[in-house]
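Taken in sequence, the protein lines are chains A and B. Going by full-length UniProt numbering, the letters in the first sequence line up with residues 1 to 343, in that order. Going by full-length UniProt numbering, the letters in the second sequence line up with residues 1 to 281, in that order.
Careful, some of the hints might be misleading.
Cut-off 30 Å, straight-line C-alpha distance, at most; resulting in silico cross-link-like pairs (DSS-like, lysine-lysine) [as the list claims (entries may be wrong)]:
id : chain 1 : residue 1 : chain 2 : residue 2
1  : A       : Lys70     : A       : Lys60
2  : B       : Lys29     : A       : Lys60
3  : A       : Lys70     : B       : Lys105
4  : A       : Lys70     : A       : Lys216
5  : A       : Lys279    : A       : Lys223
6  : A       : Lys110    : B       : Lys29
7  : A       : Lys60     : A       : Lys216
8  : B       : Lys275    : A       : Lys70
9  : A       : Lys223    : A       : Lys269
10 : A       : Lys134    : B       : Lys29
11 : A       : Lys60     : A       : Lys134
12 : B       : Lys29     : B       : Lys275
13 : B       : Lys275    : B       : Lys105
14 : A       : Lys279    : A       : Lys269
15 : A       : Lys269    : A       : Lys258
16 : A       : Lys250    : A       : Lys269
17 : B       : Lys105    : A       : Lys134
18 : A       : Lys258    : B       : Lys105
19 : B       : Lys105    : B       : Lys29
20 : A       : Lys179    : B       : Lys105
21 : A       : Lys60     : A       : Lys110
22 : B       : Lys275    : A       : Lys216
23 : A       : Lys250    : A       : Lys216
Calculated from the structure, these hints are not laboratory results.
What follows is the residue order along each chain.
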Amino acid sequence: MPGAIYAEGLVKTFGDVRALDGVDLDVPEGTVLGLLGPNGAGKTTTVRCLTTLLRPDSGKAVVAGIDVLKQPDAVRRSIGLSGQFAAVDEYLTGRENLQMVGQLYQMRAKAARARADELLEQFNLADAADRPAKTYSGGMRRRLDLAAALVVSPPVMFMDEPTTGLDPRNRQQLWDVIKQLVSGGTTLLLTTQYLEEADHLAHDIAVVDHGRVIAKGTSDQLKARTGGERVEVVVHDRENIAAAAELLDKYSLHGAGKGDTTVEDHMRKITTPVTGGAKLLAEIIRDLDARGIEIDDIGLRRPTLDDVFLSLTGHVAEAKDEGNGEQAAKGTRGHRHTKEAAK
Amino acid sequence: MSAVTDAVRVTAPGNPITQSVRDSLVVAKRNLIRMVRIPEVVIFGLIQPIMFVVLFSYVFGGSMNIAGSTDPSVYREFLMAGIFAQTVTFATAGAGAGIAEDMHKGLIDRFRSLPMARGAVLTGRTLADLVQTALTLLVLAAVALLVGWRTHTNFGEVLGAFGLLLLLGYAFTWIGAVIGLSVRTPEAATSGGLVWLFPVTFVSNAFVDSSQMTPWLRHVADWNPFSATVQACRELFGNPGVSPSDAWPMQHPVIASVIYSVLIIAVFRTLAVRKYRSAAA
């Protein structure tokens, strides 16, 4: 039996661009699928096809047991969509926005108003309920947008990059909201550029690139495929690079002399794949100390979206706009220790 | 938070016509709230036609020959039907820009993902624009009375003229809707919604006596849908300068005006709704 969200061979072309090149998905009821990929990979196009906004050139899509191509209106009654750009009317108040959406879901005006009040309370927007949405902060707008998607408590939810551009605190808040929602049994498909986000929220992850799903699995499975941790060392003196590289190579995952250790001369940075975590890190620091190699920085890095991509596709995930670049940098989940001067 | 997932199920669709009317009114209300919150738009929409009234009647007034008279007061009475008609067509730009902005901001995506009547987003928008147009006409008529415009017929006929003007304005907002759905930015919709209105409103009987134009231009002016409404208004207001042309729309301006407007609505509404259904932000 197909899941709450099911897609088979979705193809969509825009002129010469093959935005979707045969996307297959199957999301069991009550679970969360994270659609992970860089800008332009086809994440949004996939969501648009599944939410009736875009008609695929070919392929099959079933949402909540309803054929998306044959009964789009029935699908619309069973889904909630929260977009990449917070789609609320900025001149309407929070309450007016939610009431309008409720009425367009065919609720009676009074019921829509009551539901709006309920959601404003739940999403911590009650104090701002009667202010135009343009006075809201980015995080508040996202919450309002999410609330709008939840007006009728749809069994299936789609969220297109729900936290893009949010600061860490607002992202954490939104994650909490999403987790609560999912614990209530909603099936969710969410797209994201951040491995960390998929890690936090999704049961399964599908990695998309060039309009295809190139890998599927749990976050741990994907990371295992990507390879594990690496140690990065930045030495203080340029003349110590060679010595440090030789030392670090001994700790390399596959043993010394296998060519796993890389050196970036201009940054005085040496990287080697390891296993053993923080314990090994302490050992390496002691070893470097013992040889009198002064270091500026040392850190243990875990795989990032870029790493996942690099290993799966051979190219890095390109975050095109500024906000994403910043997020990609923050996405590095390394435990970094900075040593000013190791004696 | 558990209440979020409480079953608030959507009711099955009712009568499609009732739903369409209901949804259109919900969207119209939304657009009217916006107008109240952004009064600049309405105010600027008023300044331009008032400026036209003043400029045309005082700058051109003395040099125009209308029905054999160069008296500025005759031109002023002649002019008003033209200015009224031009003003209602300018609502096109507002509708276009508004719809383009909704596309740009992702609101159209939100609407299209909801189980609402197709076309209600556009109908709601055009209805709200109609309210704004009516308001503009009201103020403009007051200004026109101040500079000396008078009607010489009964109340019913005057009301009928304003009805034709509103119908024309409503028809033109559907052209605006198609423009708004066809361009990439709200700015493009504003300029794209305005440029073509100048030839349409100037190659007509709105500001000059079209019988004084070169023959080919006169034919264009006589058959211009816009001219039919202007001619009808002059007739219904009892204002001077009703064109004696034997072109059919000039002979039967009231019925011609209705036919043109209904035709424009039929064609452009169909186009707009089709574009809306396949719209991609």
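So, going through the hints one by one against the coordinates:
1. Under the criterion of a C-alpha separation no larger than 30 Å, the hint pairing Lys70/A with Lys60/A is consistent with the structure, at around 10 Å.
2. This hinted pair does not check out: Lys29/B and Lys60/A have alpha carbons roughly 38 Å apart, beyond 30 Å.
3. Under the criterion of a C-alpha separation no larger than 30 Å, the hint pairing Lys70/A with Lys105/B is consistent with the structure, at around 28 Å.
4. Taking the CA atoms of Lys70/A and Lys216/A, the gap is near 28 Å; set against the 30 Å cutoff, the hint holds.
5. Simply put, Lys279/A and Lys223/A have alpha-carbon atoms about 20 Å apart, close enough for the 30 Å limit, and the pair holds.
6. A hinted pair counts as satisfied when its Cα atoms are at most 30 Å apart, and Lys110/A with Lys29/B qualifies at roughly 15 Å.
7. Under the criterion of a C-alpha separation no larger than 30 Å, the hint pairing Lys60/A with Lys216/A is consistent with the structure, at around 19 Å.
8. About 20 Å separates the Cα atoms of Lys275/B and Lys70/A, which keeps this hinted pair within 30 Å; it holds.
9. Between Lys223/A and Lys269/A the CA atoms are separated by roughly 24 Å; this keeps the pair inside 30 Å, and the hint holds.
10. Annotation: proposed proximity of Lys134/A to Lys29/B holds, straight-line Cα distance about 18 Å (limit 30 Å).
11. Under the criterion of a C-alpha separation no larger than 30 Å, the hint pairing Lys60/A with Lys134/A is inconsistent with the structure, at around 39 Å.
12. Our distance criterion of 30 Å between C-alpha atoms is met by Lys29/B and Lys275/B, whose separation comes to about 23 Å.
13. Under the criterion of a C-alpha separation no larger than 30 Å, the hint pairing Lys275/B with Lys105/B is consistent with the structure, at around 17 Å.
14. Simply put, Lys279/A and Lys269/A have alpha-carbon atoms about 21 Å apart, close enough for the 30 Å limit, and the pair holds.
15. Straight-line distance between C-alpha atoms of Lys269/A and Lys258/A comes to about 18 Å, which keeps the hinted pair within the 30 Å bound.
16. A distance of roughly 16 Å separates the Cα atoms of Lys250/A and Lys269/A; the hinted pair therefore holds under the 30 Å criterion.
17. Restraint check: the Cα-Cα separation between Lys105/B and Lys134/A comes to about 12 Å, which is no more than 30 Å; the hinted pair holds.
18. Only pairs whose Cα atoms come within 30 Å are accepted, and Lys258/A paired with Lys105/B is rejected, the gap being roughly 53 Å.
19. A hinted pair counts as satisfied when its Cα atoms are at most 30 Å apart, and Lys105/B with Lys29/B qualifies at roughly 19 Å.
20. The straight-line distance between the Cα atoms of Lys179/A and Lys105/B is roughly 27 Å, inside the 30 Å bound, and the hint therefore holds.
21. Simply put, Lys60/A and Lys110/A have alpha-carbon atoms about 38 Å apart, too far for the 30 Å limit, and the pair is violated.
22. Restraint check for Lys275/B and Lys216/A: the C-alpha separation of about 36 Å exceeds 30 Å, so the hint is violated.
23. A distance of roughly 34 Å separates the Cα atoms of Lys250/A and Lys216/A; the hinted pair therefore is violated under the 30 Å criterion.
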